[in-house]
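**Q** Each chain, letter by letter, is given below.
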Amino acid sequence: MTQVIPVVFGESMDNDLSVSNLVKKFGDFTAVDSVTFDVPQGSFFSILGPSGCGKTTLLRMIAGFEEPTSGNIMIRGKDMAGVGPNLRPVNLVFQHLALFPMMNVADNIAFGLRRRKVDSATIKKKIETILERVGLPDYAQHQIKQLSGGQKQRVAIARCLVLEPSVLLLDEPLGALDLKLREQMKVELKKLQAKVGTTFVYITHDQSEALVMSDRVVVMNKGKFEQLGTPQELYSKPLTPFVAQFVGDNNLWSGKIEELSGSDAIIRTDEGFIFRSRVQGTVTVGRRADLFLRPETLRIQPKEKEGLNIFTVTVKTILFDGANSRLLTVTPQDHELLVALPQNRSFDYIQPGQTIEVGWHPEAGVCFAAGD
Amino acid sequence: MAISRTSKTALWLFLTPVLCWLLLLIVLPHIDLLLMSFGGENEYGERVWTLQNYRNFFTEPIYWNTFLRTAIFSIITTFITFLLAMPVAFYIVKVVRPRFQGAMVLMLLLPFWVSELVRVYGWMILLRESGVINHFLLKFGLIDKPVEMLYNDATMIMGLVYTSMLFMAVPIISAMESLDDSLIEAAHDLGSGKLVIWYKIILPHCKPGITSGSIVVFMLVLGNYLTPNLMGGKNSLWFTEQIYNQFIASFNWNQGAAFGFMLLLLSSLIIWIGLKLSRQKLGEVAS
Numbered sequence: 001m002t003q004v005i006p007v008v009f010g011e012s013m014d015n016d017l018s019v020s021n022l023v024k025k026f027g028d029f030t031a032v033d034s035v036t037f038d039v040p041q042g043s044f045f046s047i048l049g050p051s052g053c054g055k056t057t058l059l060r061m062i063a064g065f066e067e068p069t070s071g072n073i074m075i076r077g078k079d080m081a082g083v084g085p086n087l088r089p090v091n092l093v094f095q096h097l098a099l100f101p102m103m104n105v106a107d108n109i110a111f112g113l114r115r116r117k118v119d120s121a122t123i124k125k126k127i128e129t130i131l132e133r134v135g136l137p138d139y140a141q142h143q144i145k146q147l148s149g150g151q152k153q154r155v156a157i158a159r160c161l162v163l164e165p166s167v168l169l170l171d172e173p174l175g176a177l178d179l180k181l182r183e184q185m186k187v188e189l190k191k192l193q194a195k196v197g198t199t200f201v202y203i204t205h206d207q208s209e210a211l212v213m214s215d216r217v218v219v220m221n222k223g224k225f226e227q228l229g230t231p232q233e234l235y236s237k238p239l240t241p242f243v244a245q246f247v248g249d250n251n252l253w254s255g256k257i258e259e260l261s262g263s264d265a266i267i268r269t270d271e272g273f274i275f276r277s278r279v280q281g282t283v284t285v286g287r288r289a290d291l292f293l294r295p296e297t298l299r300i301q302p303k304e305k306e307g308l309n310i311f312t313v314t315v316k317t318i319l320f321d322g323a324n325s326r327l328l329t330v331t332p333q334d335h336e337l338l339v340a341l342p343q344n345r346s347f348d349y350i351q352p353g354q355t356i357e358v359g360w361h362p363e364a365g366v367c368f369a370a371g372d
Numbered sequence: 001m002a003i004s005r006t007s008k009t010a011l012w013l014f015l016t017p018v019l020c021w022l023l024l025l026i027v028l029p030h031i032d033l034l035l036m037s038f039g040g041e042n043e044y045g046e047r048v049w050t051l052q053n054y055r056n057f058f059t060e061p062i063y064w065n066t067f068l069r070t071a072i073f074s075i076i077t078t079f080i081t082f083l084l085a086m087p088v089a090f091y092i093v094k095v096v097r098p099r100f101q102g103a104m105v106l107m108l109l110l111p112f113w114v115s116e117l118v119r120v121y122g123w124m125i126l127l128r129e130s131g132v133i134n135h136f137l138l139k140f141g142l143i144d145k146p147v148e149m150l151y152n153d154a155t156m157i158m159g160l161v162y163t164s165m166l167f168m169a170v171p172i173i174s175a176m177e178s179l180d181d182s183l184i185e186a187a188h189d190l191g192s193g194k195l196v197i198w199y200k201i202i203l204p205h206c207k208p209g210i211t212s213g214s215i216v217v218f219m220l221v222l223g224n225y226l227t228p229n230l231m232g233g234k235n236s237l238w239f240t241e242q243i244y245n246q247f248i249a250s251f252n253w254n255q256g257a258a259f260g261f262m263l264l265l266l267s268s269l270i271i272w273i274g275l276k277l278s279r280q281k282l283g284e285v286a287s
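Chains as they are written, first to last, in my numbering: chain A, 1 to 372; chain B, 1 to 287.
Hint data in this document are derived by calculation from the structure and do not stem from the laboratory.
Among the hints, a few may not be true.
One-sided excerpt, in silico: chain A residues whose CB lies under 8 Å from chain B [stated by the list, open to error]:
#1 Ala63
#2 Lys78
#3 Gly82
#4 Pro85
#5 Leu92
#6 Phe94
#7 Phe100
#8 Gly112
#9 Arg115
#10 Phe225
#11 Asn309
#12 Ile310
#13 Phe311
#14 Thr312
Straight-line distance between alpha carbons at most 27 Å, and here's what the computed DSS-like set of lysine-lysine pairs gives [what the hints assert, rightly or not]:
#15 B:Lys207 to A:Lys145
#16 A:Lys126 to B:Lys94
#17 A:Lys145 to B:Lys94
#18 A:Lys117 to B:Lys281
#19 A:Lys195 to A:Lys180
#20 B:Lys145 to A:Lys145
#21 B:Lys194 to A:Lys78
#22 A:Lys125 to A:Lys190
If you want the ones that stay clear, here's a sample from chain B, every Cβ over 10 Å from chain A, calculated [what the hints assert, rightly or not]:
#23 Leu34
#24 Gly40
#25 Trp49
#26 Lys139
#27 Glu148
#28 His188
#29 Lys200
#30 Leu277
#31 Glu284
Ideal placement from N, C-alpha and C gives every residue a C-beta, glycine not left out.
Could you build the full structure based on these sequences and the hints that come with them?
**A** Dropping the structure here:
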């Protein structure tokens, strides 16, 4: 089949989706504020943000349900301005799936193919293949209401994938599932994406979903992108205080910068601790700053104290949660801190009320200039 | 499922008024009508059982022609009402902002606060030869002499549609309210245009509402007396008129009863066919 290859800018031909300077305003409210990003072919891209951050609006603009105020959306190098949702090479898996209750599984999946006037023999074959692929081989004749939550999920994805879209958009499709199933579907979705190789754009407010499944994640807040990177980058090197707080758990101190050399700083917290820490962004001596520290970077009773920030805390309670167990501790000034409690039996002696020494490496903490 | 003694008593307690109502107001009069429809007098003026009333119906073309005409016009009216009510319901449920929805339904309801007679006279004031519309058409020079817009079939159907609109719109509105917007968007996203969305998603979803609305409208139109009479004029030939004439004008209660029964059979038959065609059960529609 010969196809006219559209003229594109730079190397964007490798990108299935390319969004530039996209803005959406509802009256005075700016839901999406000048957003730019590329999604490479075959990757799993997540947009992570709290509810109301504009991620759904962004997704609906990509799907074609909302008209951007300005900026443009390119899918496989084609400008999508003025193209209706029914004519775009993207499909959307809805938050509540939106399976057609008046049709059975096969008819749901065939719906898009029939619109494309595919002949019925091919449709039948494609339904079989796609159901096989999502792990529901014998479910073609089932009614939608006979399916469990996880099965509905897979039918909704199959209904879109059967159309072989350039980009599959997913609008928090795991939100309605119970916890156990959600954990399971996370892994399955990731596996499915790797198997079919379709580009996924996934939006969620659940950081664990985004971190587990994605190749790259963008954190969105108040219509703007805060940081775009791999899950590891977001977790270990947050660029903004919002990302530090939103992705994973963090302990927070407020204080003042005492000394500064390059990206190393000495911060005096409001309770009087003096810590050495890494800084991010522009910080000046004497300014107020926030220090973020992950629970797992706090070492309990460290043997090697060289170069660590050391202080003592009192154990308030043990929050046992298997591999994710923590200690809830307080400093002498009653500042609460979470400390990860490794389940390797070496800390079984710790009891509530005990005073323990904790230490952390200056590279593990990160300081940001405090907001006004 | 075992029903305990007390709940059985309670069931009967609640059922009794309904059964009394059905028996006294529906079953008994109909039995009386049925008996009456088979009654007649022989040449000596004695009361006898006879099929003559029904025979009259089939042998006299004016009767069954009116009968057929009424049936066909009722179906047409129901269909037009449905065609009009669908977009109205869609507009109220899906397009208008939620806080105006109540006001919209109220506007739909408002004309029904006045009696049907007044509403029909309203139309007559508008449409008659010396009416408002003719007045303006003449004034703007669009016509030379007044046109009689009343007393024809089209006007009569319009009047009937107007009278029955609410009874179609309300069930469709309530059916459409349960339609999730994302189903429409999903269909759009999967490549359908507006027509396919209406045909594949909205109509099937609203089917119970459409059916119950159609049944109500069809029954009301078929049994309507006032509107066809006033707006259709002398030659409106609505079957209810024939019944009325038999009972009141000819004082032939036996013939009138037979006609009444024919109408009952007709409406039941058409509704049965309608349900069969749309593959629905009466119980499903009613629930």
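**Q** All the hints need checking, so say for each whether the structure fits it.
**A** Here is what the structure says about each hint:
1. Ala63: Constraint on Ala63 of chain A satisfied, holds at 6 Å.
2. Lys78: 17 Å, violated
3. Gly82: Result: violated, 15 Å to nearest chain B Cβ.
4. Pro85: Check passed: Cβ of Pro85 of chain A comes within 5 Å of chain B, closer than 8 Å.
5. Leu92: 5 Å, holds
6. Phe94: 5 Å, holds
7. Phe100: 6 Å, holds
8. Gly112: 4 Å, holds
9. Arg115: 4 Å, holds
10. Phe225: 25 Å, violated
11. Asn309: 51 Å, violated
12. Ile310: With a minimum Cβ separation of about 55 Å from chain B (threshold 8 Å), the hint on Ile310 of chain A is violated.
13. Phe311: With a closest approach of 52 Å, the Phe311 of chain A hint is violated.
14. Thr312: The hint is violated - Thr312 of chain A has no Cβ within 8 Å of chain B, the shortest such distance being about 55 Å.
15. B:Lys207 to A:Lys145: 18 Å, holds
16. A:Lys126 to B:Lys94: Distance of about 34 Å is beyond 27 Å: violated.
17. A:Lys145 to B:Lys94: 25 Å, holds
18. A:Lys117 to B:Lys281: Answer violated: Lys117 of chain A to Lys281 of chain B is near 33 Å, above 27 Å.
19. A:Lys195 to A:Lys180: This hinted pair holds, its Cα atoms lying about 23 Å apart.
20. B:Lys145 to A:Lys145: Between Lys145 of chain B and Lys145 of chain A the Cα gap is close to 64 Å, so the pair fails against 27 Å, i.e. violated.
21. B:Lys194 to A:Lys78: 24 Å, holds
22. A:Lys125 to A:Lys190: With Cα atoms ~25 Å apart, Lys125 of chain A and Lys190 of chain A stay inside 27 Å; holds.
23. Leu34: 41 Å, holds
24. Gly40: 53 Å, holds
25. Trp49: 52 Å, holds
26. Lys139: 45 Å, holds
27. Glu148: 48 Å, holds
28. His188: Nearest chain A Cβ is 5 Å from His188 of chain B, so the label is violated.
29. Lys200: Since the minimum Cβ distance to chain A is about 8 Å, Lys200 of chain B lies within 10 Å and the statement is violated.
30. Leu277: Since the minimum Cβ distance to chain A is about 17 Å, Leu277 of chain B lies beyond 10 Å and the statement holds.
31. Glu284: 13 Å, holds
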